[in-house]
Structures are given as C-alpha cells and as structure tokens.
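The primary structure of each chain is shown beneath.
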Amino acid sequence: MRLDSARADQVTALVFFVLGVSLGIGGYTMDRLEVRQIHPASIPGLVPMILGVLLALCAIGLYLGARKREDGPETDDVSMGNLGFAALYTVIYALGLVGRMPFELATGIFITVFVLHFTYDRLAEGRHFAVWVGGAVLYAVICSAAVAALFRYAFLVRLP
Amino acid sequence: MPTLAPYFGALGEFAQPMMLFHVVWATLLGIFIGSLPGLTATMGVALLTTLTYSMERDAAILVLICMYVGAIYGGSRSAILLNIPGTPASAATSLDGYPLAKAGRAQYAMGLATAGSAMGTLVGILLLVMVAPPLAEAALKFGSFEFFWLAVFGIVISGQLTGGASPLKGYIAGLLGLTVAMIGSEGIHAHVRFSFGYDQLNGGIALISAMVGAFGFAEVLTAISQRKPDLVTHSDESDRMLPKLVDLWRYKYTIFRSGVIGTFVGIIPGVGEDIGAWASYAAAKRTSKERDQFGSGSTEGLTAAETGNSAVIPGALIPALTLAVPGSAPAAVLIAALFIHGIRPGPMIMFEQPDFIYSVAAMLTYATIAIGVFGIMLTRVFVLVLRVPREYLMPLVFTLCVIGPYALTQRPFEIVVMVFFGIAGYLLRKMNYPIAPLVLGIILGELLDKSLRRSLILSDGDLTPFFTRPISAGFAVLIFVSVILSLAPARRFLARLVGRGAAREKG
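Top line first, the protein sequences correspond to chains H and C.
Take 1 as the starting number for the first sequence in this note's numbering and just add one per residue.
Take 1001 as the starting number for the second sequence in this note's numbering and just add one per residue.
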C-alpha cells in the first residue's frame, strides 16, 4: 500500500480517531486533584480532553476526504530494499548494540556493515575485495574513534 | 523608535579572532549540510545543539545561527546542480536554477543565488532590529488569555500554510505535537500525565531528541532509500561566477520585495523558509516583465526565491526571541538551545537581556558575510561536496543522531525517543503530513495548556474574557476566519461568489 494513497489516509484516520478518543477518555478520567482543592477549571485533564475531541473530529474529516479522493500517479522513487535494511539496521544499532558493548565497537561495527551493504555494487564494478572491505573498516575505525573522542574528551560525556 | 547603535556595538563585540573562527567553520559546515540532499537546516541545528553544550553562551548561539544561515543557503547548490533542493527551502530555487545550469550557466546561477541569499538576509536583519524590540514591548501587554490564543494561532496558521493542498493534515500534525507535549509533569499542579507508570516519561519528551529523530533519522532514511541524482556541472565559456551589478540593480525591487515578504512569512509562527521562497517567487512572477521565462531559467525568479528563503531566517527569529514562538522549525530548535544556554526568550528579553536581540542580528550579519565570501570563493569545493557518497556519510550522521540526544541528559531513554520520532517522522512525511506544525505543537503545548488553565482560574471558569479583551478578540477572529477559509465548502462558496462578481462586471 502506498503511504500517500487514499487507502493509507483512511487507515491513519482510523488510528487518529482511536488516539483522539483515547486521549479524550484519558483526560476525562484523569485525577481531578479534588483532595488538593484545585480550581475545577484547572484540572490537568482539560487540555487532553479538548485535544482528543479535536483530533477525533479531524480524523473523521480525513476519512471522509479520503473516500472521495482518487490517487494520482506515484512520484516517489524509493528503493524498498534499501529502506527496509536501513530502517532495521539503524534501529538494531541504536537500541540493540549501543549500551551493550563499548560505544566505539558498536559504532565501528555499525558503520562497517552499513558501508559494505550499500557499496556492494562496487565489487561488481571491479573493485578488489580486500580494498572494498579494508576501506570500509578503515573509515569505520576513524569515524567511531573521532565521534567517541569528541564526546568523551571535548564534551565530557560518559558514553553509553 | 529603535536605533541601529546597539547593533553596530554588537558587531564590534563579535569581531574577535575566536568568534570569527566559529563563524568560518560553522557556516562552512552549514553550507555542507544544506548542500547535501536530505540533510536539512533543522537537522543541522539540532545536531549541532548537542555539540555546543559545553561552549560559552554567545559562541554557542553564534555557531547555531551560522549553521542555520549556511544550511538554508547551501540548499541552493543541489537545487541548481542536481535539480533536488538540498533543503525544502530551496524547492523554488530549482525551478529556474536547474534550467540555468543545464543551459551552461551553473556558475552564474550560483553567484546569483549567493547574492540573493546575502541580500535577503540583510533585509531581514534590518527588519529584525527595527521590529523585534517594539514587538517585545508590545508583548508585555499579553496576559495568559492572549498567550493561549497566540499558541492556537501558531498551530492553526502553521498547519494551514504548511499542509499544502490539505490543511487538515497540517492541523492533525499540530494536534499530534500538542499531544506529545501533554506527556509528563504539567506546569500548574505538577501532576504527571500519560506516563503509564514509566518513570522516564515523568519529565516529558525532550524537544531536541524529538527533533533529531524527526529531522535527522527520518532524513537518513529518506536519503538512503532514494535514487542517486544526476549532477550538472558543465559551463559554457560565457558563464561567470560574479553576477553583474547591473543585473542586481535591475532586480532591486524584486530583491527588496522578496526580502520583506520573506521576513514577514518568517514572523508567522511555524511556517518557514520554503513558504517564504514560494511567496516571494509568486509575487515576483506576478509583477515581472519576463514572467514567461519563470520556470525555464529566469534569473529574476531565482533571485526572488533565494532572497525570500534567506529573509525568513531573521524573520523567524523575531517571534522566537520576543514571544518564544518559533517562526520556523530550525528556530524552534534554536529556542530550545537558548534555554539550554540560560537565555529565556519571550517578552521579558528586552529587560533580562537588553542587548541580546542586537547580538543575534550581529551574528546573522557575520553569517551572511561568510556565505557571501564562501559562495563566491568555494564554488568548486561545494561541487565536490555534492559528490560525497551518501553510503559513507549517512551512517556517520546516524551515529551523531544517536549520541547527540544521549549527551543531553546521558539517559539511554533519549535514544529511544529519537528512534520513535525518526520512524514516525518518516512515515508522516511519506503520508504528506508537514512536520513543522508537529514541532510547533511540541514547543507550544506547555504554553497553550498553562495559559488556558491559568486564564480560567483568573476568570473563575468564565470564557467571556477570551473574546472580549481587545488583543484576544483580534486573535479569535483571525483564527476563526483562517479555519473557515481553509474548509473546502467555504473555499468553493467564495470562488463562486468571486466568479459571479466577475461575470456581472463583464456583463
């Protein structure tokens, strides 16, 4: 399903409607702090309630608009393979590798594999295997060392 | 009436070797980031904010402003040479810049873009110095009623103008931003909302982490998943870098008009550089003698677009400094950076930091001089920048996206926030939701929430003052009219009315 299609708008309208209703209910059922004798007009759930109603109304508008709309020709030139790999791999690095091993090592592995994946066609173009891998590793070592040194010594950050 | 004396004083204060060194590297880095398709000014400013925590206040803000100006200008390079705007701000530039490059006049187009950007920023700086101090003074009359309407106005206008054909998507983006701002401890009774028992959410969502995700990570995904563009760098023998003064003089009205339009578009909350460029371009096309050339290599069109987008920068800083309401997405990050460095933007700025507005104007001036010099001298270097393989650059950018927000609080939770907003930002962008209202919602959420509830406490629950206090009433009418006019049935009715009037005149 195209993300800019009318069908996608209908699905997201449904998601936003549920979010709006949940927000409204969350605001309505939120603690009104009567024990603290606050002014009834200043209850913490007031704005979430309003936002919930508005979001649900906008979602209805989006759904009705999407039903009448016809999709135009696809203009986006996206490689789904590249996108899928980049999205999955970046998330694995950020939430899986970082914090579980030294930052330099995690970053070095991440950059090496990323570069090798996206420059794989260079091998077919005649680049020597050792040069291809060596170049990626060297680049990754320099980048990870530089970033780690910058944050650790210049900004005094305790790296994850 | 504000004078220019404090501005010239600030210019003198920044004329120190260390400050000039910061101007040079930060502007160059900004142009580099802006030149690369997919990397935007907002991402550059957000990432650099994480690198300026330990810097001295003035140096840190100077670096961020140079990055902002450099990146908006840098976007013109790829717009002209690749037909892909380096930043959304340069979308209008590519309409005439790329045809000029294909006709063998790439250098001239880049020279004209440099001159337009520099002059646009200078017009904006002049208006910043003249408009911001009285606006800050006027904002002292604002109470919580007015601040509530101001926040609503920001979301509505930003959603409407950035939503393109569908203002509804702009409104939804704004509402989502406001919803995010509801997470964590609220500002009146310190009650924790929507934390779901998860302690890390008690403090709310940090804007910098959200911005680095929505603009940095999302842009990494966008850049890596798109095909490589074709670079046009050939020049014919008559191509020259420096625009003739006579050309610039010919376009003096276009430059001035685009500068003023850009600045005022910048003042409108959360609208940004791309709208400034399009508005200036449209105004120039309407009045130009060479309007038939617009879109096929018009030098006037290129000048208007570049002047317009650059003038938005000082314009966007006017409400950011005086009302703490950002005029653009990069200005929203700048507000967060100002708080980090101990400056409280808002109506009190002229009392607490009376010279700060002039310092910002001086910083913008140095950044403008830098883009003028680098734009003329380093054309060939910037062409090389466009050849940097993104397969090598993007993993490094993503590494900075991970470590930058973490460095803010040294909590791994900030990385989770960055990843969440990165994926959500990418999906929303692909579904044609503008991101600027979302950002504005996150930053204005607290102001809106606190102002509404504080006003209701003051009026004892009575809604009347929201519509009877003069400034509040003005805002209310403006918002009501804007929302009504954005609805399709109202627009159709107006179009029918105008059509009927025109037919009657003909008859």
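Heads up, a few of these hints could be off.
[Claimed, not checked] Chain H regions said to be covered by chain C (calculated; three or more residues, Cβ under 8 Å): (1) 57-66; (2) 101-114; (3) 124-131.
What the hints contain is simulated information worked out from the structure, not anything from laboratory work.
Virtual Cβ for every residue (Gly too), placed ideally from N, Cα, C.
The hints, checked one at a time:
1. Counting residues of the region 57-66 of chain H whose CB lies closer than 8 Å to any CB of chain C gives 5, which reaches the minimum of 3, so the coverage claim holds.
2. Coverage of the region 101-114 of chain H by chain C holds in this model, with 5 residues showing a Cβ closer than 8 Å to a Cβ of that chain against a need of three.
3. Here the region 124-131 of chain H counts 0 residues with a CB under 8 Å from a CB of chain C, which misses the bar of 3, and the coverage is violated.
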